[in-house]
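S.K.: Place chains B and G on chain H using the hints.
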Amino acid sequence: MTATVTSELYAQVQHFYARQMQALDDGRLEEYAGTFTKDGSFQHSPGVPAAVGRDAILAELRSFLKKYEDDPTQRRHYFNQIVLEPGEDGGIRSTVYALIVRVRPGEKPDIWPSTVVHDVIDVTDGEILLRSRTVSYDQLV
Amino acid sequence: MTATVTSELYAQVQHFYARQMQALDDGRLEEYAGTFTKDGSFQHSPGVPAAVGRDAILAELRSFLKKYEDDPTQRRHYFNQIVLEPGEDGGIRSTVYALIVRVRPGEKPDIWPSTVVHDVIDVTDGEILLRSRTVSYDQLV
Amino acid sequence: MTATVTSELYAQVQHFYARQMQALDDGRLEEYAGTFTKDGSFQHSPGVPAAVGRDAILAELRSFLKKYEDDPTQRRHYFNQIVLEPGEDGGIRSTVYALIVRVRPGEKPDIWPSTVVHDVIDVTDGEILLRSRTVSYDQLV
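Protein chains in written order, with full-length UniProt numbering: chain H, 1 to 141; chain B, 1 to 141; chain G, 1 to 141.
Same shape as in the complex, but just chain H (with noise of 0.2 Å):
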């Protein structure tokens, strides 16, 4: 069965990616986690071997995070540009720009780094989970 992209989906899919990427920001990593299906996988940076499973994407996180202890940061995931195509397995392939925008005490907010978030959506009885995701960057200097 072929999902299909409607109106409304296109607007649960925005409102679920704010809620996810606050989760994020907001440092609440297990509800991060847990907009992953039970098998998801979670590829967060070119060349870093993806995290499967919630446990997994959980523990990568708070190890991705914890290089940055001593810099504090507060980061905001800007979401935009969603394009969503009905993928042949019933899942949705998302792509959207992520625009990242880090901000450090004493310092004018700048972006950091500009992605693009490869995503393939799950819609099962009307909630959505990812089932992955690959983050590409536009540079790796």
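These are calculated hints, taken from the structure and not from any lab test.
Take these hints with a grain of salt, some might be off.
Which copy is meant is left open, because identical chains are indistinguishable; a pair holds if it fits in one copy or across any two.
Simulated pairs of lysine-lysine, DSS-like, Cα-Cα distance not exceeding 25 Å [unchecked claim]: (1) Lys-67 <-> Lys-108; (2) Lys-108 <-> Lys-38; (3) Lys-66 <-> Lys-108.
M.R.: Just chains B and G, lined up with the frame of chain H:
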């Protein structure tokens, strides 16, 4: 009666924000003040008392913008990542990222500040107005 | 017949912009030109004459991008704060903020320029095309 958050309402709120912030950025301050309920409250910066009522909101905006008379700046408010939650009092709580892009003659556009906006939205007969708006800043340097 | 602005149309326009600007940013220029009506007009910069018709739009884009051949840059167009108004001629006037994020090797992403896009949108049998696009810049330094 509890308002529910439908996809239709979600799109309406996006459209409301788009109109409201274009009005503000274009200097149509009366129109901005008119997006609040008659007894609506608006606190645009931490530590500043909230202005209550449309006249007070208009006066506060004029006073705030007067400080920038000698600093011609085009601001563009980007509202994004909107999360809507039904409140107990029939209102809708909205938590939304707001990125302010600042354009000054001779300078490159920059981001200042990065904020999160906390609104309580009133929906009556399909019309959206703000009962209250409180803006938090990601940094206060 | 006056088109009305429903929540469904609002989401459709968002999706249209997302596809359109991903096409442009990915260099799929024919696809971008195909988002205009056959006699659609496109003025991407103040002072430049509008290109009229898909072939002319495509030629103008190729010419414009040729200037940047020696300056490899990934652009990401963020369209946001979309205001839609029914026009007298059955079209929809769209006024939308467009933030262009520019990513160059070895540099931090920056915003250049900050613009406002003025479109007239044609909706025929559920298909969205542009009758015209005019881009205004917040500064011209």
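S.K.: Does each hint fit the structure? Answer for all of them.
M.R.: Each hint tested on the structure:
For the identical chains of this complex, Lys-67 and Lys-108 are neighbours both inside a copy (21 Å) and across copies (21 Å), given an alpha-carbon limit of 25 Å. In the homo-oligomer, the alpha carbons of Lys-108 and Lys-38 never lie at most 25 Å apart, since the shortest distance is 39 Å inside one protomer and 36 Å across protomers. Both within a single protomer and between protomers do Lys-66 and Lys-108 lie at most 25 Å apart by alpha-carbon distance, with minima of 23 Å and 23 Å respectively.
Checked against the numbered hints given earlier, this structure breaks only hint 2.
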